[in-house]
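> Here's the letter readout for the chains.
2 protein chains.
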Amino acid sequence: MVEVVDDSQLAAGGVERAAAAVRSLIVARRLLPGEQLRQDELARRLGLSRSTLREALQALSVERMVTYTRNRGYTVARFGAEEMQQLYQLRDFSEKLLLESISAPSEEEFATLVELNERIRAAAEDPREVVRLNDEFHLKIFDYSPLRILAEETRRWWTMSAAYRALSVTTLQDRSLIAADHDGMLEALRIGDSDLLVQRAYKHRHASLDRIIPTII
Amino acid sequence: MVEVVDDSQLAAGGVERAAAAVRSLIVARRLLPGEQLRQDELARRLGLSRSTLREALQALSVERMVTYTRNRGYTVARFGAEEMQQLYQLRDFSEKLLLESISAPSEEEFATLVELNERIRAAAEDPREVVRLNDEFHLKIFDYSPLRILAEETRRWWTMSAAYRALSVTTLQDRSLIAADHDGMLEALRIGDSDLLVQRAYKHRHASLDRIIPTII
DNA sequence: AATGCCAGAATTGGCGCCACTATTGCCGAA
DNA sequence: TTCGGCAATAGTGGCGCCAATTCTGGCATT
Numbered sequence: 091m092v093e094v095v096d097d098s099q100l101a102a103g104g105v106e107r108a109a110a111a112v113r114s115l116i117v118a119r120r121l122l123p124g125e126q127l128r129q130d131e132l133a134r135r136l137g138l139s140r141s142t143l144r145e146a147l148q149a150l151s152v153e154r155m156v157t158y159t160r161n162r163g164y165t166v167a168r169f170g171a172e173e174m175q176q177l178y179q180l181r182d183f184s185e186k187l188l189l190e191s192i193s194a195p196s197e198e199e200f201a202t203l204v205e206l207n208e209r210i211r212a213a214a215e216d217p218r219e220v221v222r223l224n225d226e227f228h229l230k231i232f233d234y235s236p237l238r239i240l241a242e243e244t245r246r247w248w249t250m251s252a253a254y255r256a257l258s259v260t261t262l263q264d265r266s267l268i269a270a271d272h273d274g275m276l277e278a279l280r281i282g283d284s285d286l287l288v289q290r291a292y293k294h295r296h297a298s299l300d301r302i303i304p305t306i307i
Numbered sequence: 091m092v093e094v095v096d097d098s099q100l101a102a103g104g105v106e107r108a109a110a111a112v113r114s115l116i117v118a119r120r121l122l123p124g125e126q127l128r129q130d131e132l133a134r135r136l137g138l139s140r141s142t143l144r145e146a147l148q149a150l151s152v153e154r155m156v157t158y159t160r161n162r163g164y165t166v167a168r169f170g171a172e173e174m175q176q177l178y179q180l181r182d183f184s185e186k187l188l189l190e191s192i193s194a195p196s197e198e199e200f201a202t203l204v205e206l207n208e209r210i211r212a213a214a215e216d217p218r219e220v221v222r223l224n225d226e227f228h229l230k231i232f233d234y235s236p237l238r239i240l241a242e243e244t245r246r247w248w249t250m251s252a253a254y255r256a257l258s259v260t261t262l263q264d265r266s267l268i269a270a271d272h273d274g275m276l277e278a279l280r281i282g283d284s285d286l287l288v289q290r291a292y293k294h295r296h297a298s299l300d301r302i303i304p305t306i307i
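For the record, the sequence lines run as chains A and B. Numbering-wise (my numbering), the first sequence opens with residue 91 and increments by one. Numbering-wise (my numbering), the second sequence opens with residue 91 and increments by one.
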């Protein structure tokens, strides 16, 4: 069985395409933290050459999505509890800056977020879909900030923990809690109460962290 | 004339070596912002193959040291005033966190910093050396923090502006000001006054930014 | 039975090559 | 003379190959 990776989001550009594909496999937990990435096999699986994949892995290594050891190749990045906490601490500060820098979103932007959140609520039975939509929801908000560089770095920090977040969501009993938190954030966003928004985002974030930590071996 | 890059800091490992070399060329302003990086020539110049260089450039691209355009290759990253300010704003927040997280450095660590600063003072007539030592001084401080991930990201943000900083230092009249600022920071570090340290580092940093901005075209 | 060692297999590291795309410089028409 | 188009050239994108290193499984030794 030849498995072609989902090329839904792949416009073109070999390396970017490859990086996106591998990133997506990691986020979807089809490649697990700590797992060895055999270049030859992975390249075949993605339908491209090893050299191209190599460049992608190098990029992902700088992004900390994978770990590189000389002469031993790449493995999916694995985080300990300590590192995970540092990661979330970073996001505490960066997302605070981002959210404070957002001027009131347009009607259209706001509607998009509301709709996304409704889809999250509706997908409560499908953890994978919840995670995907949740990512889209949060990343979209980051992009509303004029602080381009920080937004990009934050996106990276967000994605770093994605595989772990995905696992914790799977085992979450009441997945409607996520959408409920988002409701609160959206309300704060709508009335333009920056402090409230930051506070609610913080709470939402740490609820996530609290779910993740116990899953870390 | 065959030019071999300075292999002082290059342990081994093709790609890392290449990335370090290119980074060092950019920081030293031997490759200027906006400049096209022709892979073939650069590979020859560094004494390695184009494919290996390619991986390095890919990594540097994620680090934002270079910019990539599809089918047009890589150029040395170029920052506008707006971006530069964002970069420094990032460092405001990240270096604050780092400095606050540092527990009092050991005698030995402290002595190293003092000595470095004396060398900066002594090298006042040699701008390039001042820049190199200054980098070493600041990066070393970052590494004292237990916040490993943030320290690494901050190192990256620091390096991103290095080429611009190098230029502004060259045209600086009284280069002893830099060492004087460091004196103040070291004093705060020694007496363990975290707030004072953060404040003085802030002032130092923005003096740097104020010098850089006018040099941006 | 456990441990150290050695050859074979598997995997990574680095390189040169060819196809494709962008750039350039030239030439002819307006 | 200037501008638009076209061919030659330069440079990037992607691939397969071979050397070097690491891993693995079997064998001998204690």
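In short, the hints are calculated from the structure, not lab data. Mixed in with the good hints, there may be bad ones.
[Claimed, not checked] No more than 30 Å apart at the CA atoms, straight line, and that leaves these computed lysine-lysine pairs for DSBU-like:
no. : chain 1 : residue 1 : chain 2 : residue 2
1   : A       : K230      : A       : K186
2   : B       : K230      : B       : K186
3   : A       : K293      : B       : K186
4   : A       : K293      : A       : K230
5   : B       : K230      : A       : K230
6   : A       : K293      : A       : K186
7   : B       : K230      : B       : K293
8   : B       : K230      : A       : K293
9   : A       : K230      : B       : K186
10  : B       : K293      : B       : K186
11  : A       : K186      : B       : K293
[Stated by the list, open to error] Ranges of calculated distance between the beta carbons of each label pair, as one might list FRET restraints:
no. : chain 1 : residue 1 : chain 2 : residue 2 : range
12  : B       : R160      : A       : L229      : 21 to 27 Å
13  : B       : D264      : A       : Q289      : 29 to 35 Å
14  : B       : P236      : A       : R162      : 40 to 46 Å
15  : A       : F183      : B       : S139      : 38 to 44 Å
16  : B       : I303      : A       : S139      : 23 to 29 Å
17  : A       : Y292      : B       : E226      : 32 to 38 Å
18  : B       : G137      : A       : R168      : 43 to 49 Å
19  : B       : G137      : A       : K293      : 53 to 59 Å
20  : A       : G103      : B       : E215      : 33 to 39 Å
21  : B       : A297      : A       : Q129      : 33 to 39 Å
22  : B       : D264      : A       : G163      : 47 to 53 Å
23  : B       : E226      : A       : K293      : 39 to 45 Å
24  : B       : E197      : A       : R160      : 33 to 39 Å
None of these values were measured; they are calculated from a predicted model. For glycine and all other residues, C-beta sits at the position ideal for the given N, C-alpha and C.
> Measure nothing beyond the straight line between the CA atoms of K230/B and K293/B; if it is 30 Å or shorter, mark the hint as holding.
OK: K230/B and K293/B at ~19 Å, within 30 Å.
> Given the range 33 to 39 Å, decide if the beta-carbon distance of A297/B to Q129/A lies inside it.
violated, 48 Å
> So the hint says 43 to 49 Å: do the beta-carbon atoms of G137/B and R168/A match that?
Since G137/B and R168/A have Cβ atoms about 35 Å apart, the given range 43 to 49 Å is violated.
> Given the hinted pair K293/B and K186/B, is their alpha-carbon gap at most 30 Å?
holds, 12 Å
> Hinted pair, alpha-carbon criterion (30 Å max): K230/B, K186/B. Please report holds or violated.
holds, 15 Å
> If I claimed the Cβ atoms of I303/B and S139/A lie 23 to 29 Å apart, would that claim hold in this structure?
Since I303/B and S139/A have Cβ atoms about 45 Å apart, the given range 23 to 29 Å is violated.
> Take a quick look at whether K293/A and K186/B sit within 30 Å of each other, Cα to Cα.
Holds, because 23 Å separates the two Cα atoms, which is no more than 30 Å.
> With 39 to 45 Å as the target window, see if E226/B and K293/A comply at their CB atoms.
holds, 41 Å
> Does the hinted range 38 to 44 Å hold for F183/A and S139/B at CB?
The hint (38 to 44 Å, Cβ to Cβ) holds, given that F183/A and S139/B are roughly 41 Å apart.
> Does K230/A pair with K186/A here, judged by a C-alpha cut-off of 30 Å?
holds, 15 Å
> Can you tell me whether the CB distance of R160/B to L229/A sits inside 21 to 27 Å?
Check passed, 22 Å falls within 21 to 27 Å.
> So if I understand the rule, the pair passes when the alpha-carbon distance is 30 Å or less; does K293/A with K230/A pass?
Holds. K293/A to K230/A sits at ~19 Å (cutoff 30 Å).
When each numbered hint is compared with the structure, violations occur for hints 5, 8, 13, 14, 16, 18, 20 and 21.
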